[in-house]
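As you go down the protein sequences, you meet chains A, B, C and D in turn. For the first sequence, position 18 (counting from the first letter as 1) is numbered 18 according to our numbering, and the numbering increases by one without interruption. For the second sequence, position 118 (counting from the first letter as 1) is numbered 118 according to our numbering, and the numbering increases by one without interruption. For the third sequence, position 276 (counting from the first letter as 1) is numbered 276 according to our numbering, and the numbering increases by one without interruption. For the fourth sequence, position 282 (counting from the first letter as 1) is numbered 282 according to our numbering, and the numbering increases by one without interruption.
Hints are not guaranteed to be accurate.
With a Cα cut of at most 20 Å, we get these calculated SDA-like pairs of lysine to any residue [to be verified]:
hint: 1; chain 1: B; residue 1: K32; chain 2: A; residue 2: F178
hint: 2; chain 1: A; residue 1: K18; chain 2: B; residue 2: R49
hint: 3; chain 1: D; residue 1: K37; chain 2: C; residue 2: W146
hint: 4; chain 1: D; residue 1: K37; chain 2: C; residue 2: R68
hint: 5; chain 1: B; residue 1: K18; chain 2: A; residue 2: R68
hint: 6; chain 1: A; residue 1: K18; chain 2: B; residue 2: K18
hint: 7; chain 1: A; residue 1: K316; chain 2: D; residue 2: A209
hint: 8; chain 1: A; residue 1: K37; chain 2: B; residue 2: K18
hint: 9; chain 1: C; residue 1: K32; chain 2: D; residue 2: R72
hint: 10; chain 1: C; residue 1: K18; chain 2: D; residue 2: G61
hint: 11; chain 1: D; residue 1: K18; chain 2: C; residue 2: T51
hint: 12; chain 1: C; residue 1: K37; chain 2: D; residue 2: D129
hint: 13; chain 1: A; residue 1: K37; chain 2: B; residue 2: G181
hint: 14; chain 1: C; residue 1: K18; chain 2: D; residue 2: R68
hint: 15; chain 1: C; residue 1: K32; chain 2: D; residue 2: D163
hint: 16; chain 1: B; residue 1: K18; chain 2: A; residue 2: A85
hint: 17; chain 1: D; residue 1: K18; chain 2: C; residue 2: G61
hint: 18; chain 1: C; residue 1: K137; chain 2: C; residue 2: E58
hint: 19; chain 1: B; residue 1: K37; chain 2: A; residue 2: P65
hint: 20; chain 1: B; residue 1: K32; chain 2: A; residue 2: P65
hint: 21; chain 1: C; residue 1: K32; chain 2: D; residue 2: A85
hint: 22; chain 1: B; residue 1: K32; chain 2: A; residue 2: R68
hint: 23; chain 1: C; residue 1: K32; chain 2: D; residue 2: E179
hint: 24; chain 1: D; residue 1: K37; chain 2: C; residue 2: K18
hint: 25; chain 1: C; residue 1: K37; chain 2: D; residue 2: R68
hint: 26; chain 1: B; residue 1: K32; chain 2: A; residue 2: G69
It is worth saying that the hints were derived from the structure and are not from the lab.
4 protein chains.
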Amino acid sequence: MTTRRFNSGEADLDLLYKELAERELQPLWELKGLLTKEPVVAAVPFQWRGTELRGLGERAGELVPVDRGGDRRVLACCNPGLDGAPYAVSTLWAAVQYLRGHEMAPAHRHTPAALRFITEGEGVFTVVDGDPLPMAKGDLVLTPSWTFHEHHNPGDKPMMWMDVLDLPVVAALDAVFFEEGPTEEADTSTAPASASERWFGGGPGLVPAGVGVSQRHSPLLAYRWADTDRALAAQLDVSGADSARLRYSDPVRGGDVMPTMRCEIERVKAGASTRPFRQTGGRVACVLHGTGRAQVGDRAYDIAPGDIIAIPSWSKWQLAADSELDVFSVSDAPVLDALGLFRTSEE
Amino acid sequence: MTTRRFNSGEADLDLLYKELAERELQPLWELKGLLTKEPVVAAVPFQWRGTELRGLGERAGELVPVDRGGDRRVLACCNPGLDGAPYAVSTLWAAVQYLRGHEMAPAHRHTPAALRFITEGEGVFTVVDGDPLPMAKGDLVLTPSWTFHEHHNPGDKPMMWMDVLDLPVVAALDAVFFEEGPTEEADTSTAPASASERWFGGGPGLVPAGVGVSQRHSPLLAYRWADTDRALAAQLDVSGADSARLRYSDPVRGGDVMPTMRCEIERVKAGASTRPFRQTGGRVACVLHGTGRAQVGDRAYDIAPGDIIAIPSWSKWQLAADSELDVFSVSDAPVLDALGLFRTSEE
Amino acid sequence: MTTRRFNSGEADLDLLYKELAERELQPLWELKGLLTKEPVVAAVPFQWRGTELRGLGERAGELVPVDRGGDRRVLACCNPGLDGAPYAVSTLWAAVQYLRGHEMAPAHRHTPAALRFITEGEGVFTVVDGDPLPMAKGDLVLTPSWTFHEHHNPGDKPMMWMDVLDLPVVAALDAVFFEEGPTEEADTSTAPASASERWFGGGPGLVPAGVGVSQRHSPLLAYRWADTDRALAAQLDVSGADSARLRYSDPVRGGDVMPTMRCEIERVKAGASTRPFRQTGGRVACVLHGTGRAQVGDRAYDIAPGDIIAIPSWSKWQLAADSELDVFSVSDAPVLDALGLFRTSEE
Amino acid sequence: MTTRRFNSGEADLDLLYKELAERELQPLWELKGLLTKEPVVAAVPFQWRGTELRGLGERAGELVPVDRGGDRRVLACCNPGLDGAPYAVSTLWAAVQYLRGHEMAPAHRHTPAALRFITEGEGVFTVVDGDPLPMAKGDLVLTPSWTFHEHHNPGDKPMMWMDVLDLPVVAALDAVFFEEGPTEEADTSTAPASASERWFGGGPGLVPAGVGVSQRHSPLLAYRWADTDRALAAQLDVSGADSARLRYSDPVRGGDVMPTMRCEIERVKAGASTRPFRQTGGRVACVLHGTGRAQVGDRAYDIAPGDIIAIPSWSKWQLAADSELDVFSVSDAPVLDALGLFRTSEE
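Please build the complete structure, drawing on both the sequences and the hints.
Encoded structure:
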């Protein structure tokens with residue numbers, strides 16, 4: 001029996017409490033902290049430094065074969081507030097993955113959706129349902145829910161990138177399914193551009209005619225840095241503002257790239273700051289370019305490329321740039337939004 | 001530091017593991033059970049018996065004033081698999097609430113949405129944003145997210161009902177907000193029918209003209225047993241089947257009554273059984289009429305009116321009726337569905 | 001050659017005009033009235049009197065067999081502004097249909113959607129895709145696009161009702177398809193209530209569980225007067241206003257009953273008036289109960305049961321009741337709304 | 001009185017017919033051709049040759065000042081089947097507009113939506129709600145419903161392009177509104193790229209973050225040939241097919257660029273043909289590059305750049321390329337689709 005037995009010091013009541021516990025019931029009036037004025041968030045602001053992640057990734061590369069367990073060489077960010085759970089914030093898994101030259105991580109699929117954001121290097125291919133997606137610095141690559149995916153590195157150089165998954169949400173909903181790929185061997189196909197991009201990435205607002213939409217995620221699986229860079233520059237140019245922010249979207253249906261994760265990227269000019277704001281739901285950010293400071297709740301961090309930062313729900317979030325910053329981030333906003341729970345506040 | 005430090009017995013690796021733990025990182029290859037072939041569900045099948053709930057409710061009514069804590073006299077169903085958390089399944093709070101004659105539970109609101117299903121008695125009014133909703137056996141009454149609600153019992157007789165909330169989901173998303181009502185005193189207004197019903201409950205397919213939809217929940221806040229009973233009978237009549245199943249829906253926008261909970265009711269003729277099936281996400285059922293057996297996963301329960309049953313995610317769920325059964329249930333299906341995670345399977 | 005040849009009196013220009021006409025081109029600068037400050041509407045306000053429609057229907061019943069042409073004994077309302085087109089307003093066909101005792105109008109289907117509103121009598125069954133729908137005073141019966149439908153009158157008494165179709169819209173879009181039923185003989189099945197109603201008409205907000213939505217129209221095909229009457233009374237009661245207005249909706253998906261026609265009913269208390277308003281798109285109204293006046297644009301009509309009234313686009317529309325009025329109406333509002341062209345204005 | 005009086009040769013019936021006509025009614029059984037097995041389409045296949053359009057445009061440029069009437073120098077394509085109406089097919093206006101150097105067409109707005117497709121030249125700016133959109137060969141420029149728009153040509157060279165409007169649909173729905181711009185003078189602003197493009201045209205799947213969607217049309221108002229060309233080439237490359245087809249879409253919401261018009265472009269390799277197909281609703285095509293043949297219904301046309309072709313509803317439509325063809329087209333498919341009337345058929 002796991003249900004807690006309360007004690008009041010009153011004999012009649014304690015007898016009731018005993019029987020309640022025996023029947024797996026608890027008295028609401030003894031429970032505290034269930035309904036709080038504002039979210040009481042266990043996850044805390046946190047920073048994982050890019051330089052350290054890189055060093056630890058390299059050492060793991062030397063010491064641990066890619067197939068030692070789980071077929072991935074991944075270091076998971078564990079928010080210190082989450083009691084040991086391997087999650088960066090309560091709703092998002094974030095990690096770095098390290099793949100040496102000529103290594104491969106074979107195919108599998110799972111209901112948790114994943115994405116990869118690359119902060120340095122190039123040369124790895126992520127194959128999604130048979131389509132090889134080249135990965136390079138600044139790119140976003142999607143491996144949506146229940147798509148087979150694998151990674152292989154045909155070149156000599158190692159490569160590292162950030163993985164983000166909605167695993168905590170899918171696990172909290174008891175909806176994790178997993179399946180090994182048709183073979184344990186990785187597909188080693190490569191191509192200069194993915195089929196996904198050739199079908200769906202032709203240009204802004206240009207999609208194949210006569211294509212119906214049945215899947216629940218973007219059919220465009222890679223968003224290239226050259227496009228993103230140009231779009232950020234164009235927005236700065238047209239707005240005249242000190243910072244620009246883009247959302248990665250599904251080019252066929254509009255909306256977010258996947259039903260559980262919103263991807264955004266922000267550029268802040270040297271010397272400028274974003275306006276502090278907060279929103280319900282968690283966020284994980286990753287610095288691509290530049291240095292400056294990130295304010296998360298009441299914590300401030302000096303930031304540099306490769307850093308991963310945890311922004312818990314309803315925490316203040318603000319960026320200040322020393323040199324021009326490009327910061328990618330993932331949030332669970334589509335989940336909150338779908339359930340009528342999305343709130344934002346400017347501080 | 002909460003992040004676990006793994007040990008491999010290899011010196012180099014253990015040094016890496018030490019540094020990973022110091023930096024709040026974990027090696028994926030040492031983590032087990034993250035991605036499972038099928039959902040590994042902590043919650044277990046469970047039954048809370050109506051007769052016991054009633055007796056314990058009465059004793060709580062005698063011993064505990066309604067305002068002792070949380071302003072509600074509520075006994076929360078605690079699934080034995082959930083390590084003491086006061087949740088019936090991992091995503092749903094279920095409880096019985098007991099209100100004696102001339103008692104009141106004053107107004108508050110919270111982002112977790114609630115609903116009330118009444119298995120016996122009558123006479124209490126739930127006031128939702130100023131609209132008094134009479135409650136009686138077989139009725140479903142909604143108190144959607146962020147609506148002020150209170151209960152008062154103007155008569156002499158006590159009354160008990162089942163509460164279900166999406167609290168575990170909202171808490172997992174760190175999105176709980178709570179606010180006391182404008183006064184600690186309950187509104188004691190009564191009316192033979194709520195304004196909500198007079199506006200939105202006129203008949204099937206009849207809604208006020210010129211009404212826009214901004215809220216995220218059904219504007220119809222009470223679903224009356226007389227209608228439900230007639231609709232179940234009509235479906236049995238037209239289908240010629242042994243059982244009928246209804247979904248409670250938003251009469252203006254269609255779809256579920258709230259973005260986080262699906263409400264259904266099932267009638268099974270005496271001697272008949274439903275087809276076993278399972279779905280991702282949790283369910284809480286409550287017996288209104290009849291006796292028989294409920295199969296939940298590999299457990300079977302003799303059921304009777306007032307029983308509350310926990311059906312964990314992906315567990316087989318089947319009803320067999322000795323006398324004609326009416327079983328109400330709530331699931332988190334709209335959440336799973338919105339996130340692309342809803343799966344069903346006939347066994 | 002049908003393209004008009006303009007003349008300017010200038011030789012060079014007239015030569016150009018000649019060549020334009022020869023090549024099926026017209027000079028925009030000579031065209032007038034294409035883009036007007038407000039809609040210039042050809043259809044005019046008009047009233048067809050119920051007493052006259054009844055008399056003419058009876059005479060047609062005596063003189064014309066139901067199968068003389070088109071298998072329907074129908075008198076079509078022809079708006080005098082529409083240059084002889086058999087349409088009540090530019091976007092809606094309205095008509096009365098008369099069926100004598102023991103007559104039948106055999107099955108066919110067509111892409112134009114139809115509905116029937118009954119202002120007197122009872123006894124006819126409209127069979128929609130095999131489901132017999134009894135018809136009686138005050139009922140609305142749908143025969144959506146591309147559903148087989150037929151009418152039969154098993155009793156001795158004749159019956160008459162109003163038909164409304166979106167035929168002008170479907171014809172303007174060159175999308176009329178038509179198919180005879182599997183037999184020229186009418187289906188003579190009857191039942192006290194349609195299967196459609198037993199599945200989908202159980203009560204407000206109660207729909208069959210597990211039912212997907214593929215069709216583009218309400219699965220509830222009959223809306224009964226008893227429900228409508230009660231809903232109107234409830235709305236008057238709750239609002240405290242002098243008039244009430246309901247929209248008939250799809251109980252499963254919300255929204256209008258069909259993608260091309262919005263059905264509404266209005267009750268105005270004796271001595272009261274509605275607020276004048278206008279909207280883009282046409283409307284056809286039919287008086288069910290009561291007497292009073294209808295203001296349509298700058299025309300006013302004394303109205304009585306059975307009257308059909310044409311309200312052209314952007315015309316003022318107002319009802320004033322001598323005795324309590326119940327007025328049903330159909331508009332093309334869903335079309336305008338879907339295309340971003342719906343505007344309303346209170347006068 | 002416009003309602004037709006029928007004659008049967010039977011005295012009783014003719015008396016009825018006389019009274020029906022007097023009361024603006026018609027007997028359905030005398031009406032023919034209302035409900036046809038397949039669409040009976042008045043519009044006919046037709047071709048306006050680019051070389052002739054250019055020559056006539058130039059002559060109009062010499063003879064007619066831009067402000068002679070309607071503030072636009074436009075030659076409207078008049079389908080010979082439409083009894084003189086200035087429409088290319090029953091639901092679409094198509095025309096060529098000619099603007100000489102240093103001319104301007106001042107601002108106005110109207111509920112009919114318009115688009116411009118440029119088959120040659122460059123240098124004109126269309127200013128939409130204050131945003132100057134440069135126009136050049138192969139570009140698509142939108143002037144959605146109720147946006148102020150004007151054209152000005154700051155250079156020396158004349159320019160001509162195709163206009164397409166949904167005017168026939170809006171007129172059939174009696175929903176035409178028109179308003180002059182704030183001044184009769186054209187805005188002469190220019191910019192190398194529109195604000196619309198800098199906000200919304202950054203790249204495939206990249207949209208401004210935090211942007212809500214209230215308008216009913218794409219916020220991206222110009223689709224550039226360089227993007228379109230690259231996207232067509234990429235689709236040919238990935239599909240391995242002989243032809244490629246793109247739909248222009250709303251980058252924020254997905255779906256068509258406007259609620260009434262679908263824009264597509266097709267590339268057919270030299271020597272190849274598209275598969276013949278037909279759809280409900282009308283289409284207007286415009287040849288950008290290449291020569292070949294267009295089959296429309298039972299008519300075949302030799303086609304060349306600048307040609308405009310009318311494809312009536314439910315007519316076979318097929319392209320065959322001598323040299324590589326690029327053919328832009330506009331259809332009313334979103335209208336048919338929204339109303340449940342869209343059908344396609346491969347021949």
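* To do: Of all the hints given earlier, name the ones this structure violates by number, lowest first.
  => Numbers 6, 8, 19 and 24, in rising order.
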